[in-house]
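If you're matching them up, the sequences are chains A and B in order. Number 231 in UniProt numbering belongs to position 231 of the first sequence; there are no gaps in the numbering. Number 143 in UniProt numbering belongs to position 143 of the second sequence; there are no gaps in the numbering.
Source of the hints: derived by calculation from the structure; they are not laboratory data. These numbers were taken from a predicted model, which means no experiment stands behind them. Treat the hints with care, since some could be wrong.
[Claimed, not checked] Calculated lysine to aspartate or glutamate pairs in the DMTMM-like style (CA-CA distance at most 25 Å, straight line):
#, chain 1, residue 1, chain 2, residue 2
1, B, 68, A, 81
2, A, 188, A, 35
3, A, 45, B, 16
4, A, 188, B, 16
5, B, 149, B, 181
6, B, 68, A, 93
7, A, 188, B, 18
8, A, 220, B, 16
9, A, 188, A, 209
10, B, 64, B, 35
11, B, 154, B, 87
12, B, 154, A, 224
13, A, 153, A, 169
14, B, 154, A, 229
15, B, 138, A, 202
16, B, 154, A, 201
17, A, 45, A, 63
18, B, 64, B, 117
19, A, 188, B, 95
20, A, 186, B, 16
21, A, 188, A, 49
22, A, 186, B, 18
23, A, 45, A, 226
24, B, 64, B, 112
25, A, 220, A, 111
26, A, 144, A, 121
[Unchecked claim] Example chain A residues on the side facing chain B (calculated, C-beta under 7 Å, incomplete):
#, residue
27, 64
28, 182
29, 184
30, 212
31, 213
[To be verified] FRET-style restraints, in silico, Cβ to Cβ:
#, chain 1, residue 1, chain 2, residue 2, range
32, B, 65, A, 150, 51 to 59 Å
33, A, 84, B, 88, 41 to 49 Å
34, B, 129, A, 100, 28 to 36 Å
35, A, 148, B, 133, 54 to 62 Å
36, B, 29, A, 82, 18 to 26 Å
37, B, 125, A, 57, 35 to 43 Å
38, B, 65, A, 56, 33 to 41 Å
39, A, 208, B, 88, 18 to 26 Å
40, A, 193, B, 112, 40 to 48 Å
Just so it is clear, CB atoms sit at the ideal spot from N, CA and C, and this is done for glycine as well.
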Amino acid sequence: MGEDGRGAGSSFGTQDTDFEWSQGHRAAQASSDVEIFRRVWRNEKAAPEILPYDHLLLQRIREQILLMEDTLSTFTGAASDELTLSMYRMDIDRTMFLLRAYLRIRLLKIEQFAMHILRTEELWERLSQQEQDYAQRYIDILQKHMEQTVLSKLPFGYQSMLRQATSSEEDDMIPEPTLDTFVFCKSKEPIGSLQLDDRGEEVVDMLTDDLYILRYRPVKRLLETDRIELV
Amino acid sequence: MAGQSNPQLSIFTAAEVEFLAEDEQIDIVPNVRMDTLHMICGDYGPFRPQIPVRVPLWLAIALKKRSKCRIQPPDWMSVEKLTQVLEDEREAPREFQPLPFHYVEISRLLFDHARDDITDPYLVRSLLEDIRDVRFHKVESGLETLSGKTHAVKLKNLAAMEVNIVRPFIVRALQCFYKHDNEDLIKQAANELDSQPVASDRVPRRTLRPR
Chain A
1 MGEDGRGAGS SFGTQDTDFE WSQGHRAAQA SSDVEIFRRV WRNEKAAPEI LPYDHLLLQR
61 IREQILLMED TLSTFTGAAS DELTLSMYRM DIDRTMFLLR AYLRIRLLKI EQFAMHILRT
121 EELWERLSQQ EQDYAQRYID ILQKHMEQTV LSKLPFGYQS MLRQATSSEE DDMIPEPTLD
181 TFVFCKSKEP IGSLQLDDRG EEVVDMLTDD LYILRYRPVK RLLETDRIEL V
Chain B
1 MAGQSNPQLS IFTAAEVEFL AEDEQIDIVP NVRMDTLHMI CGDYGPFRPQ IPVRVPLWLA
61 IALKKRSKCR IQPPDWMSVE KLTQVLEDER EAPREFQPLP FHYVEISRLL FDHARDDITD
121 PYLVRSLLED IRDVRFHKVE SGLETLSGKT HAVKLKNLAA MEVNIVRPFI VRALQCFYKH
181 DNEDLIKQAA NELDSQPVAS DRVPRRTLRP R
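With these hints in hand, go ahead and build the complete structure from the sequences.
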């Protein structure tokens, strides 16, 4: 099956028409935005921690949805055929689904690890402005709720939301993601030898399109540099 | 089952994997005339009766449901190709044969929505089922080799739906092995394993300093 998918089956000069059409529409290659976004969603779902928010990509996706909604509303006015309209509608619905699913999985992670994210600058920077507001409000509400329902009723010394007791040496009640969990990852290019433990005893040699189950921590950097993807 | 105590481990639902598969490309032969669709996911068409055109699977199925096209099943779904795959699959006990990453979902969707476009549907379906069985058998026998020393499991060519099915069990098993094999990490892992800061019986707990 053609993996590239583009133009393989069509013998028309689609290339030329594409360029004419692209005026007022998206540029010809813009279609790959959704492709990228699908991968971003997949990675986000499969990764234990929250991943960076790609502002530009998200903005482009949102703009494309808006533009399409706009175009459709002008279509509806003109006597356009039902079939074409419903196809466009489905396209928008699918993209909207992807967008919602992506934002939701991030909110889920934010709620789960809100305190940890707030206290780790690197993670905090990965949130969008709205997500930061959300996380902050979530923590405020959670704190208030915990105090009212439980903490205020506990004996002195056990009233912190962050510690089991004031005698704890560190904040030990903050849920953190398990970075040592295992993930399924696919290499997009030859990775070469990858060290899996601190002692350098365990090494795998990843080729293009290999599929491995590995600990998340050693492949974290590869994911950030887009050399592997999670599945 | 072991995987159930942590629902987070099965991160994709079957429907979500199917959603991803619906973006794979497939050839259709339309029987209507329709202009090029300039969609967010790409430009497709123009559609002319009897002229094959490549579209995403969801579009193909939507048109098929409205009886506006015939779907051409992909090459790998032919009896000939699948017979070969099954044979190779049986001959190589430790490897998975290359099939499209979404072969399970694509074939399932085509059987559900375009059965009449598949030649020899009974044979194709039974071949696919045999292939699936052989592959799962390999996964299962591979599981027996997992141990605390397992840092990596190679599963080249395992497909999306297969990954999704074995994920909860494998991840859970590897996590446990890893945890018990790295005594010094237990404390940390215990904190992290429970997403809720509630101490459970099985997980070693930090002992409080006496006051």
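request  = Quickly compare the C-alpha distance for residue 45(A) and residue 226(A) to 25 Å and report which way the hint goes.
outcome  = holds, 15 Å
ask   = Given the proposed pairing of residue 188(A) with residue 95(B), does the C-alpha separation stay at or below 25 Å?
value = holds, 20 Å
ask   = Hey, residue 188(A) versus residue 18(B), does the alpha-carbon distance stay inside 25 Å?
value = holds, 22 Å
task = Determine whether the Cβ-Cβ distance between residue 193(A) and residue 112(B) falls within the hinted range of 40 to 48 Å.
result = The hinted range 40 to 48 Å holds for residue 193(A) and residue 112(B), with Cβ atoms some 44 Å apart.
inquiry  = Just to be careful, I want the Cα atoms of residue 154(B) and residue 229(A) compared with a cutoff of 25 Å; is the pair within it?
reply    = Answer holds: residue 154(B) to residue 229(A) is near 15 Å, not above 25 Å.
ask   = Taking only the CA atoms, is the gap from residue 68(B) to residue 81(A) under or equal to 25 Å?
value = Distance ~14 Å between residue 68(B) and residue 81(A) Cα, so the pair holds.
key: Agreement of hint residue 182(A) with chain B interface, Cβ distance less than 7 Å   = holds, 4 Å
task = Mind checking the alpha carbons of residue 188(A) and residue 16(B) for me, to see if they're no more than 25 Å apart?
result = Answer holds: residue 188(A) to residue 16(B) is near 22 Å, not above 25 Å.
inquiry  = Check whether the Cα positions of residue 138(B) and residue 202(A) lie no farther apart than 25 Å.
reply    = holds, 24 Å
ask   = Lying within 28 to 36 Å: is that true of the beta-carbon distance residue 129(B) to residue 100(A)?
value = The hinted range 28 to 36 Å holds for residue 129(B) and residue 100(A), with Cβ atoms some 35 Å apart.
ask   = With a cut-off of 7 Å, does the beta carbon of residue 213(A) approach a beta carbon of chain B closely enough for the hint to hold?
value = holds, 4 Å
inquiry  = With the threshold set at 25 Å, check whether the alpha-carbon distance from residue 144(A) to residue 121(A) stays at or below it.
reply    = holds, 24 Å
Hint violations for this structure: none, all hints satisfied.
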